[in-house]
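If you're matching them up, the sequences are chains A and B in order. Position 29 (the first sequence) corresponds to 24 in my numbering; numbering is contiguous. Numbering-wise, my numbering comes out as the position in the second sequence, counting from 1, plus 466.
It is worth saying that the hints were derived from the structure and are not from the lab. Glycine included, each C-beta is placed from N, C-alpha and C at the ideal position. Hints may be right or wrong, so weigh each one.
For each label pair, taking beta carbons as the anchor points, the in silico distance ranges come out as [what the hints assert, rightly or not]:
{"no.": "1", "chain 1": "B", "residue 1": "E536", "chain 2": "A", "residue 2": "N21", "range": "35 to 43 Å"}
{"no.": "2", "chain 1": "A", "residue 1": "G79", "chain 2": "B", "residue 2": "T526", "range": "44 to 52 Å"}
{"no.": "3", "chain 1": "B", "residue 1": "M506", "chain 2": "A", "residue 2": "S127", "range": "41 to 49 Å"}
{"no.": "4", "chain 1": "A", "residue 1": "A82", "chain 2": "B", "residue 2": "D484", "range": "22 to 30 Å"}
{"no.": "5", "chain 1": "B", "residue 1": "T495", "chain 2": "A", "residue 2": "L83", "range": "26 to 34 Å"}
{"no.": "6", "chain 1": "A", "residue 1": "R4", "chain 2": "B", "residue 2": "Y524", "range": "20 to 28 Å"}
{"no.": "7", "chain 1": "B", "residue 1": "S533", "chain 2": "A", "residue 2": "K112", "range": "21 to 29 Å"}
{"no.": "8", "chain 1": "A", "residue 1": "A82", "chain 2": "B", "residue 2": "T470", "range": "32 to 40 Å"}
{"no.": "9", "chain 1": "A", "residue 1": "D98", "chain 2": "B", "residue 2": "P507", "range": "52 to 60 Å"}
{"no.": "10", "chain 1": "A", "residue 1": "D98", "chain 2": "B", "residue 2": "G534", "range": "42 to 50 Å"}
{"no.": "11", "chain 1": "B", "residue 1": "E498", "chain 2": "A", "residue 2": "K113", "range": "34 to 42 Å"}
Residues from chain A shown here face chain B by an in silico Cβ test under 7 Å; the list is partial [stated by the list, open to error]:
{"no.": "12", "residue": "L25"}
{"no.": "13", "residue": "R32"}
{"no.": "14", "residue": "R54"}
{"no.": "15", "residue": "A57"}
If you want the footprint, here are the derived chain A segments under chain B, 3+ residues with CB under 8 Å [claimed, not checked]:
{"no.": "16", "region": "38 to 50"}
{"no.": "17", "region": "95 to 106"}
Read off the chains here:
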Amino acid sequence: MTIRTAIVRRPLDIAALMAELHDSANGATLAFLGHVRDVNDGRAVTGIEYTAYGEMAERELASIASDAATATGVTDVIIEHRLGVLALGEASIAIVTAHAHRDAAYAASRFVIEEVKKRLPVWKREHYADGSREWVNAHGVATREPA
Amino acid sequence: MTVTALLFASYAEAFGSDRVELALRSGTTVREAVDALRAMPGGAGLPGSPLVAVNLQYATADQRLASGDELAIIPPVAGG
Chain A
-4 MTIRTAIVRR PLDIAALMAE LHDSANGATL AFLGHVRDVN DGRAVTGIEY
46 TAYGEMAERE LASIASDAAT ATGVTDVIIE HRLGVLALGE ASIAIVTAHA
96 HRDAAYAASR FVIEEVKKRL PVWKREHYAD GSREWVNAHG VATREPA
Chain B
467 MTVTALLFAS YAEAFGSDRV ELALRSGTTV REAVDALRAM PGGAGLPGSP
517 LVAVNLQYAT ADQRLASGDE LAIIPPVAGG
């Protein structure tokens, strides 16, 4: 059983994470990557800056992985979330789940991303093609900064 | 007593700082501490009932604070 989580400031290496969970007992290994998308809410995006309440984010991410194992019975979970300025197409989160059978792997992967969206204290500021920047909430809507 | 309020993202920008030391009477609740922050310059943009954490754990508005506590005001999270 492998449960590992990390908040990192380097590119995410999905192949390495999948290799970390390679085990002949696992009939299913599932990888999820969240990427920086080029358009949000109709505006051209050039990059996203991720920040976090670091110490709490590390605790919450570990808690989410543990909760995923409890809720779904999955045996192996790795979650890495990246911080810093990410360019288009770069991955901000990697979730790898593995289990003897696929159902638990799928359920755990979905559980993790939904919990991350609810409770991981991480924020993102989108950088737009017109040079402006705005903080964005979990629903993808930019919030105008208070005057 | 003194409580350290931590601010992030748009909230930190509004305050011009990522932390504020609050001098509060003993037994102050999270809600009262948030009200104190909202009355400060830059605080008008804080919601009345923001998501908060005390000493790294999500907390409720009714929780009482102790001297030395770290009160984080959590903007809408946007990880993933």
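Here is how each hint holds up against the structure:
With their beta carbons about 40 Å apart, E536 (chain B) and N21 (chain A) fall inside the hinted range of 35 to 43 Å. Separated by about 32 Å at the C-beta atoms, G79 (chain A) and T526 (chain B) break the suggested range of 44 to 52 Å. Range check, M506 (chain B) to S127 (chain A): Cβ separation about 27 Å, and the 41 to 49 Å hint is violated. At about 25 Å, the CB distance of A82 (chain A) to D484 (chain B) agrees with the hint of 22 to 30 Å.
Range check, T495 (chain B) to L83 (chain A): about 44 Å between beta-carbon atoms, so the 26 to 34 Å window is missed. The hinted range of 20 to 28 Å is satisfied by R4 (chain A) and Y524 (chain B), whose Cβ atoms lie roughly 25 Å apart. A hinted range of 21 to 29 Å for the beta carbons of S533 (chain B) and K112 (chain A) is inconsistent with their spacing of about 35 Å. A hinted range of 32 to 40 Å for the beta carbons of A82 (chain A) and T470 (chain B) is consistent with their spacing of about 35 Å.
Range check, D98 (chain A) to P507 (chain B): about 54 Å between beta-carbon atoms, so the 52 to 60 Å window is met. Checking the proposed 42 to 50 Å range against D98 (chain A) and G534 (chain B) shows it holds: the Cβ atoms sit about 47 Å from each other. Take E498 (chain B) and K113 (chain A): their Cβ atoms lie about 26 Å apart, and the range 34 to 42 Å is violated. Below 7 Å, beta-carbon pairs count as interface contacts, and L25 (chain A) has none with chain B, the closest being about 16 Å; its hint is therefore violated.
Look at R32 (chain A): its Cβ only gets to about 12 Å from chain B, farther than 7 Å, so that hint breaks. Using the Cβ-Cβ criterion of 7 Å, the hint placing R54 (chain A) at the interface with chain B is satisfied: the shortest such distance is roughly 6 Å. Nearest Cβ of chain B to the Cβ of A57 (chain A): about 12 Å, over the 7 Å cut. The hint is violated. Only residues whose beta carbon comes within less than 8 Å of a beta carbon in chain B count, and the region 38 to 50 of chain A has 5; three or more means the coverage holds.
Under the rule that three or more residues need a Cβ within less than 8 Å of chain B, the assignment of the region 95 to 106 of chain A is violated, with 0 such residues.
Hint check: violations occur at hints 2, 3, 5, 7, 11, 12, 13, 15, 17; the rest are consistent with the structure.
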